[in-house]
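Undergrad: Fit chain P to the known structure of chain Z by using the hints.
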Amino acid sequence: MKNFLNKFWKSYSIAVVVLTVGLVLSFLTPRFLKFDNLLNVMTNASLVAIVGLGMTLAIASGNFDLSVGSTAAFAGCIAFSLVPHIGVPASILAGVIAGAVVGLINGLIITELRVPAFIATLGMFTIVRGAALMYTDGKDLTLFGQTGFKVLSGEYLLGIPTPILLAIGIAILLGFMVSQTRFGRHILALGSNFPAAQRSGVPTSRIIWGIFSIVGATAALSGMILSSQVLTANARLATGLELSAIAVVVLGGTALAGGQATMVGTLLGALLIAMINNGLNLLNVPIFYQELTVGVLMLGALAIKMSKGFKLSTLLRRQA
Amino acid sequence: MNENNHRVLLEVQKLTRRFPGVLALNNVDFDLRSGEVHALVGENGAGKSTMINILAGVLSPSSGSVLLDGTPIVFHNPADAQHAGISVIFQEFNLVPQLSVAENIFINREPTRNGLIDWEKMNRHSKEALKRLEIDIDPRLPLSSLSVAQQQLVEIARALAFDARVIVMDEPTAALSEHEVDRLLDIARSLAKDGVGVIYVSHKLEEVFKVADRITVMRDGTHILTDSTANLDEDKVIYAMVGRALIHGRCPDRSFGEIVLTVKDLAVEDSVHNVSFELRAGEILGLAGLMGSGATDVIEALFGLRDAKAGEINLQGKALAIDNPRNAIRSRLGYVPDDRNKAGSLPDLSVKQNITIGILGRLRRFFWIDRKQEQGSAETYREKLNVRCSSLNQRISNLSGGNQQKVVLARALAEDCKVLLLAEPTRGVDVGAKAEIYILIDTLVESGLAVLLESSELPEIIRLANRVLVFASGQIRGELTGEEITQESVMALATRV
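Read top to bottom, the protein sequences are chains Z and P. Counted from 1, the first sequence has number 99 at position 99 by my numbering; the numbering is strictly sequential. Counted from 1, the second sequence has number 1324 at position 324 by my numbering; the numbering is strictly sequential.
Derived from the structure by calculation, the hints contain no laboratory data. The reader is advised that the hints may include incorrect statements.
[Said to hold, decoys possible] Pairwise CB distance ranges (calculated):
| no. | chain 1 | residue 1 | chain 2 | residue 2 | range |
| --- | --- | --- | --- | --- | --- |
| 1 | Z | Phe27 | P | Trp1119 | 56 to 62 Å |
| 2 | Z | Leu33 | P | Ser1390 | 41 to 47 Å |
| 3 | Z | Ser179 | P | Gly1257 | 40 to 46 Å |
| 4 | Z | Gly240 | P | Asp1080 | 39 to 45 Å |
[Claimed, not checked] Reference excerpt, derived from the structure (chain Z facing chain P, CB under 10 Å, subset only):
| no. | residue |
| --- | --- |
| 5 | Arg185 |
| 6 | Gly191 |
| 7 | Asn193 |
| 8 | Ala197 |
| 9 | Gly201 |
| 10 | Pro203 |
| 11 | Thr204 |
| 12 | Gln260 |
All figures in this text were calculated on a predicted structure; none of them were measured in a lab. No residue lacks a Cβ here, since even glycine has one placed at the ideal position from N, Cα and C.
One chain only, chain Z, in its complex shape (with noise of 0.2 Å):
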């Protein structure tokens, strides 16, 4: 018993915590809990949790993306321009596919030019960025009058909005790819020792492109479902983004070191940040104590996870 509660307690902390901080709020608001905050919050965690998903696979093989701010506004950008020419489906396709390139991009700057992904992505952080200014001259791209771009934003299924649906979709999608395909297997090798995976025959660089052009099209999604949401789109959006991703991946209990992924627990990693923002603001806390809290909570959240003396029997016990 005691076993198996500390197990449970390594592989679900998160969903225990998402689970109280849940109780928490809505004993403290009721609002809370209705149904329309309820899709809300789980909407505003999508959005995060889109990106996110990518995130896992770059952090689950031993690097980081820090661009994916920049390519999140660049493909809004992209996405807005091409609406008039090539309507709105095409117009998403493209997106995905312009972040899935600047991916790409960072990828071979890493194999190719052995720049480490933090620098390389750092980079390309500003160079993005630069583009997508250069690209709208500045200006604000809108698509008012034209809600066709509403439907990565809106309802969609049974009353559910699309952000909820394409986040649970890419999380099923992804981890199916991590667990059970060959190409999973080798970005969880590349995490888990580089030179070792290379002797064995991985072919490291490819499954490098192959993470960040995901990392990218994901980066590209969420900020479309950003724009679409505002119905613009410009250079500035998303700015922070890729800090959010990366917190979401690690509350949700990918080890930064590499080697392992949940999507899971990055889903559940963004629902609990965007449960508290949302607690928040019912609470009425002035927006900037959020960030402030945010922050405190999410230290506090990794500091519980990785004390290495902190078990949930020994916790038990003490109350007993």
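TA: Same frame as chain Z, now just chain P:
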């Protein structure tokens, strides 16, 4: 050593340590006298590391006690142990490569003057500590500029600067050349002469017999025997370690098939020139040489880890252009790297996943991995190599060194190689597993595999190889066959300039 003149410095009584599901230490007694080198030997998993970690304050015992000068002591953390005068020099150094030698020696207790670090004093004291070890290193140099052997000496100097009375050396010679090993053994002896108690943990019995006054053998977490070195010999100790006799000596007679690998005029960067040789099926060709002789580089070049500048490589009559490991594997070359932790095992993955990582393409159904096939394939190799694990889904990092090595070997075999490149195939492996791996390699070549073996342990080469190429400064200095292969003949060639 006159045992009566040396009082007991450290005493371990009925020490027990439980981990979930494992009794790592079971009522172990041990004592260390001042002025002695006391060797602690045993296979991996025998409990040595657990005991050292308790002495170092890293782990706490489940029961039992540790007495220093007759007083029971309890350590809550490594700093406690250091203050009590126990310094442990682990295999992985606790040093900071970016800092200077002196900063490393005085880390966390830098001498200060007026609140600032007193550099002059720190460098002077460091110099003194290093001098005690008879080494002349400028303490202001960054640690990263030193060789591994020198870094190890810095660790010892740090222990001395802490006024350590008990120094524990954990596998101290794992990364040292033969010459450096002798030097270290001298230092261990001279520390003992100054009244320090030295606990010397090693797999290498040759060293143990050279340096130790007494030897303690542990097996499966229990104390097996303690006796003075004079009363013991290698066979007795090995028998106590593994509980059974071990095969020594030369390689068995082998019959060779046709030539599978031909290397002609191979040159690698600045380290290898004009190397040519042939390898037959069923043969083990040893590549011997001191560190930097080029033997390692030949293997790495064949596997595509180093760029070959010139030369022809022919495998089964086909010319190969190998520029990366993937290519090499596809050409049916298998490789077991010399450093398992750095380049062999995938610590976060399971035993199964470690075995199959190179052959997932073959285990595919549509575009995912077929679980049944993967399980079956991994099970085949687990059995073949007798990997001891509670389940194929266990993480490889939870296995003993010997079993991890077998998994890495299994991976290369699963890739279905014709030529196996073995670099230090039993480094960091205990004696029992070593014997098993030797027998396994024997069986593999019997069934027609060709093996290129690089090893810094001459007994290993003598035991396995039927032919040896001796390398020095990047060239083959001589070839020895069968009975000609002895430690002396290899060393004579290896040291000829």
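Undergrad: Now look at each hint and say whether the structure bears it out.
TA: Now for the hints, and whether the structure bears them out:
The hint said 56 to 62 Å for the Cβ distance between phenylalanine 27 of chain Z and tryptophan 1119 of chain P, and at roughly 59 Å that hint holds. At roughly 45 Å, the beta carbons of leucine 33 of chain Z and serine 1390 of chain P sit within the given window of 41 to 47 Å. Between serine 179 of chain Z and glycine 1257 of chain P the beta carbons are some 43 Å apart, a value that agrees with the proposed interval 40 to 46 Å. Checking the proposed 39 to 45 Å range against glycine 240 of chain Z and aspartate 1080 of chain P shows it holds: the Cβ atoms sit about 43 Å from each other.
Because the smallest distance between the Cβ of arginine 185 of chain Z and any Cβ of chain P comes to about 6 Å, under 10 Å, the interface hint for this residue holds. Annotation: glycine 191 of chain Z was flagged as interfacial toward chain P, and the flag holds, the nearest CB pair being 7 Å apart, inside 10 Å. Taken as an interface hint, asparagine 193 of chain Z checks out: its beta carbon lies about 5 Å from the nearest beta carbon of chain P, inside 10 Å. Using the Cβ-Cβ criterion of 10 Å, the hint placing alanine 197 of chain Z at the interface with chain P is satisfied: the shortest such distance is roughly 7 Å.
For the restraint placing glycine 201 of chain Z at the interface with chain P, the shortest Cβ-Cβ distance is roughly 4 Å, inside the 10 Å limit, so the hint holds. Interface hint at proline 203 of chain Z: satisfied, since its Cβ lies 6 Å from the closest Cβ of chain P, which is below the 10 Å cut-off. Contact between threonine 204 of chain Z and chain P, as hinted, is supported at the beta carbon level, the nearest pair being about 9 Å apart and thus within 10 Å. The beta carbon of glutamine 260 of chain Z comes within 5 Å of a beta carbon in chain P, closer than 10 Å, and the hint placing it at the interface holds.
In the structure shown, no violation is registered for any of the earlier numbered hints.
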